[in-house]
Amino acid sequence: MTAVAIIPARGGSKRIPRKNIRTFHAEPIISYAIRAALESGVFAEVMVSTDDEEIADVARERGAQVPFLRSAGSSGDRATTLDVLVEVLDSYRRLGREFDTLCCLYPTAVLTLPETLQAGAARLQAEPGAECVLPVVAYSYPIQRALLIRNGRLLMAQPDQAHARTQDLEPAYHDAGQWYWIRVNALSDPAFRILGPASVPIVVGSLVTQDIDTEEDWAMAEVKFELLQRQRLL
Numbered sequence: 027m028t029a030v031a032i033i034p035a036r037g038g039s040k041r042i043p044r045k046n047i048r049t050f051h052a053e054p055i056i057s058y059a060i061r062a063a064l065e066s067g068v069f070a071e072v073m074v075s076t077d078d079e080e081i082a083d084v085a086r087e088r089g090a091q092v093p094f095l096r097s098a099g100s101s102g103d104r105a106t107t108l109d110v111l112v113e114v115l116d117s118y119r120r121l122g123r124e125f126d127t128l129c130c131l132y133p134t135a136v137l138t139l140p141e142t143l144q145a146g147a148a149r150l151q152a153e154p155g156a157e158c159v160l161p162v163v164a165y166s167y168p169i170q171r172a173l174l175i176r177n178g179r180l181l182m183a184q185p186d187q188a189h190a191r192t193q194d195l196e197p198a199y200h201d202a203g204q205w206y207w208i209r210v211n212a213l214s215d216p217a218f219r220i221l222g223p224a225s226v227p228i229v230v231g232s233l234v235t236q237d238i239d240t241e242e243d244w245a246m247a248e249v250k251f252e253l254l255q256r257q258r259l260l
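In the working numbering, each number is its position in the sequence shown, counted from 1, plus 26.
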């Protein structure tokens, strides 16, 4: 399979300004996603999709390609990840280049290991019926015991599970928010969804994942990064 890594990194981050190139352990944070993609060795091209010249310059300095800038239409707050991916593939086609698969890798996925990108590629190739492969993380506490707050009082979301033993409850998972391997031909189907019926999970541990939307998230990512470095995993 001919694969492209697409790292979507617009300049207009709202909650953490300039998040995608903010310094993280002495490097612009996007550097780590680029490094993981390059070191995985599974991509014909590692590219950054951005509307921002400074981000583009940082990406090129770290070895990624920026063959074109993102349009204004796919750079706004309402643009979806799929909008960006489709635009990138269309732009490559106009340059005479086609890919069989892509991996959307988020620019702040600083804990991504090259090995998990390799595992995702292998899983997609091994399962012909799969359209998407993504990492998922188990919830640390049974979601069947989730609590709701209504009118200042606590209610169980699933009161029928109040007396069930923890070990008898089915584990639940959430999207790790790091990357998505996708078959390019699946994007031509209007019904395609990243979290759809043809999506396949790779279970990863909580130490190698951290969504970064707040300053607290950023601090937690730094702690995990340091732990992984001590274990010689990063």
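Read the hints as simulated data drawn from the structure, not as lab findings.
Treat the hints with care, since some could be wrong.
Stated by the list, open to error - Label pairs and their in silico Cβ distance ranges: (1) 178 / 64: 26 to 36 Å; (2) 140 / 189: 39 to 49 Å; (3) 167 / 259: 44 to 54 Å; (4) 187 / 70: 26 to 36 Å; (5) 253 / 185: 33 to 43 Å; (6) 120 / 64: 17 to 27 Å; (7) 67 / 229: 50 to 60 Å.
Ideal placement from N, C-alpha and C gives every residue a C-beta, glycine not left out.
inquiry  = I want to verify a distance hint. Is the separation of the beta carbons of residue 167 and residue 259 within 44 to 54 Å?
reply    = Between residue 167 and residue 259, where Cβ atoms are some 25 Å apart, the hint is violated.
ask   = How does the Cβ-Cβ distance of residue 120 and residue 64 compare with 17 to 27 Å: does it lie in that range?
value = For residue 120 and residue 64 the Cβ distance comes to about 25 Å; the hint holds.
request  = Could you say whether the range 50 to 60 Å given as a hint is met by the Cβ separation of residue 67 and residue 229?
outcome  = Violated - the Cβ-Cβ distance for residue 67 and residue 229, about 23 Å, lies outside 50 to 60 Å.
key: Satisfaction of the hinted span 33 to 43 Å by the C-beta atoms belonging to residue 253 and residue 185   = About 38 Å separates the Cβ atoms of residue 253 and residue 185, which means 33 to 43 Å holds.
ask   = Is 26 to 36 Å right for how far apart the beta carbons of residue 187 and residue 70 are?
value = Violated, since residue 187 and residue 70 (Cβ atoms, about 48 Å apart) do not stay within the stated range.
request  = Kindly confirm whether 26 to 36 Å is satisfied by the beta carbon distance between residue 178 and residue 64.
outcome  = With Cβ atoms ~52 Å apart, the hint is violated.
key: Cβ separation of residue 140 and residue 189, checked against the hinted range 39 to 49 Å   = 45 Å, holds
When held up to the earlier numbered hints, the structure conflicts with 1, 3, 4 and 7 and fits the remainder.
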